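A.B. asks: If you're matching them up, the sequences are chains D and S in order. The first sequence runs 1 to 246 under our numbering. The second sequence runs 1 to 186 under our numbering.
Some clues are possibly wrong.
Unchecked claim - Listed next, the in silico EDC-like pairs over lysine to aspartate or glutamate satisfying Cα-Cα at most 16 Å (straight line):
hint : chain 1 : residue 1 : chain 2 : residue 2
1    : S       : K23       : D       : E100
2    : S       : K65       : D       : E15
3    : S       : K65       : D       : E14
4    : S       : K181      : S       : D127
5    : S       : K72       : D       : D10
6    : S       : K165      : S       : E135
7    : S       : K134      : D       : E15
8    : D       : K243      : D       : E133
9    : S       : K23       : D       : D184
10   : D       : K67       : D       : D184
11   : D       : K22       : S       : E135
12   : S       : K134      : D       : E18
13   : D       : K227      : D       : E239
For the record, the hints were derived by calculation from the structure and aren't laboratory data. Since we're looking at a predicted model, the values are computed, not measured.
Here are the chains, one letter per residue:
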Amino acid sequence: MKNNIINMLDVINEEYIEEAAKVKNKRRKQIISACASIAACAVLAVGVGAYLRSPPPTEIPLSEYSKDVKITLYDGEVPHYSSFSDTEYLSPKQIFAHTESALKGTVLGIQNIQIDFDGILMLRAVATVRVEEAYLGTAEEGDIVTLLLPCPIKEGYWIEDTEVLFQTRVGSVGIFLLKDYGKDDYYRTNGCELLLSDVADYGFYDGHRFAFIETENGLVFDNVHEKIKDAKTLDEIEEYVIKMLK
Amino acid sequence: MNDTEILALFFERNENAITECEKKHGKYCRAIARNILGNEQDAEECVNDVFLKAWNAIPPHRPEKLSAYLGKITRNEAIKIYEKQNAKKRKGDNLALAVEELSECLPSEDITENSASRLDFSRTLNDFLAGLPKEARIIFIKRYWYLSSIKEIAKDIGASESKVKMSLSRTREKLKHVLQKEGFET
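With the rest of the complex left out, here is chain D:
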């Protein structure tokens, strides 16, 4: 074995080291695309097979890194649920310090899912988003990314601690402050492990302070962002976000 062969590569430029570090878990996008296709097929199947008995819930394939977790597409009622978002007090400065990626995007699709941690059930939604502007992180304009919402999306429901994100709808445009889901990001409960990147590219620290969404009723965002409390347009929000990220 030649001496110091690995140490020789210590001379590699730092920009290439950073470039490689930024590429992780690309396959998760394919998994979610598969999920979207399955969802489309499931909808079609319901339309065509009106007389058939309800098919078993469609299961989303997960990687080998997730253990004892089952995820199925969910179109049923939305009962009470438990959230795995954190709701400790955060100042705007802390909110932006927790932000790993920030982007403006259009919601192209939303799919509710049920996550089964060996008997403990959680409802969430996955939003597929086209990136219109990227302010922080590796996403680029035109990318299609997926976001795990900390709540299911259902018309007419108001869900505690997700006051902003539960108003997400297909066609909504929003600015999202995100957590990147990498290969070390797991949610663990009841002895089960879910590799979060199996579900989506990004997630949220909580459901109200990390998003600004344009809805039919106007702009919605949490009032912790006091400096922009009178903002009426996403452009004003954008200006604030860029300033806070600096």
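Add chain S to chain D, keeping to what the hints say.
C.D. replies: Just chain S now, with coordinates in the frame of chain D:
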């Protein structure tokens, strides 16, 4: 907290620098250490040493890219620990396999001790990497700098393992050719 603010804490000799470093770059450093050492406990200990080393080096040193700087320290520390733990080569671990793969294309003399050769090698290698297609470069760096497994790389770039192996094999071949042309004996 961004890297400039973290560096400012180092320069103020404020110990929060270590906490903030851990918060922002801990996961990244642990992943590098885990690739090399293969277990969580050793990786954790290695990363604790990394932050201490950074504390001792900054100041006077002011790294341009804090993450890559910490990554380099982590890689070096983890390799040292690995070498202590493994007098004999273990089959199947990332570092041993990477050495085996690279042994045919890198210079046979130990250029790390000779600063002139090291400079030439550095220039040649970085020019070579600059000329590679982006994906091939990322695969190469992930395999031989981060010492990631083929399986992890395939997962990261969203390709098959055979595509990753093929890319590595072609890049090694090209690198060997370039180094020979530049006068390095491989």
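A.B. asks: Next, verify each hint and record whether it holds.
C.D. replies: Each hint tested on the structure:
no.	hint	result
1	S:K23 x D:E100	holds, 12 Å
2	S:K65 x D:E15	holds, 8 Å
3	S:K65 x D:E14	holds, 7 Å
4	S:K181 x S:D127	holds, 13 Å
5	S:K72 x D:D10	holds, 7 Å
6	S:K165 x S:E135	holds, 13 Å
7	S:K134 x D:E15	holds, 12 Å
8	D:K243 x D:E133	holds, 15 Å
9	S:K23 x D:D184	holds, 14 Å
10	D:K67 x D:D184	holds, 14 Å
11	D:K22 x S:E135	holds, 12 Å
12	S:K134 x D:E18	holds, 13 Å
13	D:K227 x D:E239	holds, 11 Å
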